[in-house]
Amino acid sequence: MEESTTECRGLREELLCLDQRHFLHPTTVIKEQQENGAAALINEGKGIYLKDINGSVYIDGLSSLWNVNVGHFFNRRNKNRTMKE
Numbered sequence: 003m004e005e006s007t008t009e010c011r012g013l014r015e016e017l018l019c020l021d022q023r024h025f026l027h028p029t030t031v032i033k034e035q036q037e038n039g040a041a042a043l044i045n046e047g048k049g050i051y052l053k054d055i056n057g058s059v060y061i062d063g064l065s066s067l068w069n070v071n072v073g074h075f076f077n078r079r080n081k082n083r084t085m086k087e
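If you're matching positions, the sequence shown starts at 3 in our numbering and goes up one per residue.
It should be emphasised that the hints constitute simulated quantities derived from the structure, not laboratory data.
Being a predicted model, the structure only gives us computed values, none of them experimental.
Just so you know, not all the hints are guaranteed correct.
[To be verified] Derived lysine to any residue pairs resembling SDA-like cross-links, with alpha carbons at most 20 Å apart: (1) Lys33 with Leu20; (2) Lys53 with Ala40; (3) Lys53 with Glu37; (4) Lys33 with Gln22; (5) Lys48 with Gly63; (6) Lys48 with Lys33; (7) Lys53 with Asp21; (8) Lys33 with Leu18; (9) Lys53 with Ala41; (10) Lys53 with Lys86; (11) Lys53 with Thr29; (12) Lys33 with Leu17; (13) Lys33 with Tyr60; (14) Lys53 with Glu15; (15) Lys33 with Cys19; (16) Lys53 with Arg14; (17) Lys33 with Gly47; (18) Lys48 with Asp62; (19) Lys48 with Ile61; (20) Lys53 with His27; (21) Lys53 with Lys33; (22) Lys86 with Asn38; (23) Lys53 with Glu16; (24) Lys53 with Cys19; (25) Lys33 with Arg23; (26) Lys53 with Gly63; (27) Lys53 with Leu20; (28) Lys53 with Leu17; (29) Lys48 with Gln35; (30) Lys48 with Tyr60; (31) Lys53 with Leu43; (32) Lys33 with Asp21.
Throw the hints in and build the complete structure from the sequences for me.
Laid out in structure tokens, this is it:
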């Protein structure tokens, strides 16, 4: 992989550079991430609230969706019922 020539000055820029070089965002097109960087870098969370490095606050509305995708609350009885349907 080609190293980015972008200089990393200051904490914010360093975090953006590290994110771009070493992290794959699961819902982002890799080419867009490499060209534009991350849409948001989260550095703090409490309850349902997330805060990015710019101080913007978000509600974590996707966490439950990720749990469903990886089999959250999937058991044999549900599997059998699903198979019958």
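Outcome of the hint check:
Restraint check for Lys33 and Leu20: the C-alpha separation of about 16 Å stays at or below 20 Å, so the hint holds. The hinted pair formed by Lys53 and Ala40 meets the criterion: a straight-line CA distance of about 14 Å does not exceed 20 Å. At roughly 23 Å between alpha-carbon atoms, Lys53 and Glu37 are farther apart than 20 Å, so this suggested pair is violated. A C-alpha spacing of about 10 Å is found between Lys33 and Gln22, which places the hinted pair at or below 20 Å, so the restraint holds.
Among the hinted pairs, Lys48 with Gly63 is consistent with the structure: their alpha-carbon atoms are about 13 Å apart, no more than 20 Å. For a cut-off of 20 Å, the pair hint linking Lys48 to Lys33 is broken: about 31 Å separates their Cα positions. A hinted pair counts as satisfied when its Cα atoms are at most 20 Å apart, and Lys53 with Asp21 qualifies at roughly 16 Å. Using a Cα cut-off of 20 Å, the hinted pair Lys33 and Leu18 holds, with the two alpha carbons roughly 15 Å apart.
The hinted pair formed by Lys53 and Ala41 meets the criterion: a straight-line CA distance of about 13 Å does not exceed 20 Å. At roughly 44 Å between alpha-carbon atoms, Lys53 and Lys86 are farther apart than 20 Å, so this suggested pair is violated. Note on Lys53 and Thr29: the hinted pairing holds, with a Cα-Cα distance of about 19 Å set against a maximum of 20 Å. Among the hinted pairs, Lys33 with Leu17 is consistent with the structure: their alpha-carbon atoms are about 19 Å apart, no more than 20 Å.
Taken as a hint, the Lys33 and Tyr60 pair is broken in the structure, with Cα atoms around 25 Å apart against an allowance of 20 Å. Between Lys53 and Glu15, the direct Cα distance comes to roughly 17 Å. Compliance with the 20 Å bound is thereby established for this hinted pair. Of the pairs offered as hints, the one joining Lys33 and Cys19 holds, with about 15 Å between alpha carbons and a cut-off of 20 Å not exceeded. For a cut-off of 20 Å, the pair hint linking Lys53 to Arg14 stands: about 14 Å separates their Cα positions.
At most 20 Å may separate the alpha-carbon atoms for a hinted pair to count; Lys33 and Gly47 exceed this at roughly 28 Å. Taking the CA atoms of Lys48 and Asp62, the gap is about 10 Å. The hint holds against a cut of 20 Å. Our distance criterion of 20 Å between C-alpha atoms is met by Lys48 and Ile61, whose separation comes to about 10 Å. Between Lys53 and His27, the direct Cα distance comes to roughly 17 Å. Compliance with the 20 Å bound is thereby established for this hinted pair.
Between the alpha carbons of Lys53 and Lys33 the distance comes to roughly 25 Å, so the proposed pair goes past 20 Å and is violated. The straight-line distance between the Cα atoms of Lys86 and Asn38 is roughly 47 Å, outside the 20 Å bound, and the hint therefore fails. At roughly 18 Å between alpha-carbon atoms, Lys53 and Glu16 fall within 20 Å of each other, so this suggested pair holds. Simply put, Lys53 and Cys19 have alpha-carbon atoms about 19 Å apart, close enough for the 20 Å limit, and the pair holds.
At roughly 12 Å between alpha-carbon atoms, Lys33 and Arg23 fall within 20 Å of each other, so this suggested pair holds. Proximity of Lys53 to Gly63 is assessed by CA-CA distance (about 13 Å); at most 20 Å being required, the pair is judged to hold. Simply put, Lys53 and Leu20 have alpha-carbon atoms about 18 Å apart, close enough for the 20 Å limit, and the pair holds. Distance hint between Lys53 and Leu17 is fulfilled; the C-alpha atoms sit about 15 Å from each other, no more than 20 Å.
The straight-line distance between the Cα atoms of Lys48 and Gln35 is roughly 26 Å, outside the 20 Å bound, and the hint therefore fails. Of the supplied pair hints, the one linking Lys48 and Tyr60 holds, its CA atoms being roughly 11 Å apart against a limit of 20 Å. For the hint pairing Lys53 with Leu43, the CA-to-CA distance comes to about 8 Å; that is within 20 Å, so the pair holds. Simply put, Lys33 and Asp21 have alpha-carbon atoms about 14 Å apart, close enough for the 20 Å limit, and the pair holds.
Hints 3, 6, 10, 13, 17, 21, 22, 29, counting from the list given before, are not met by this structure.
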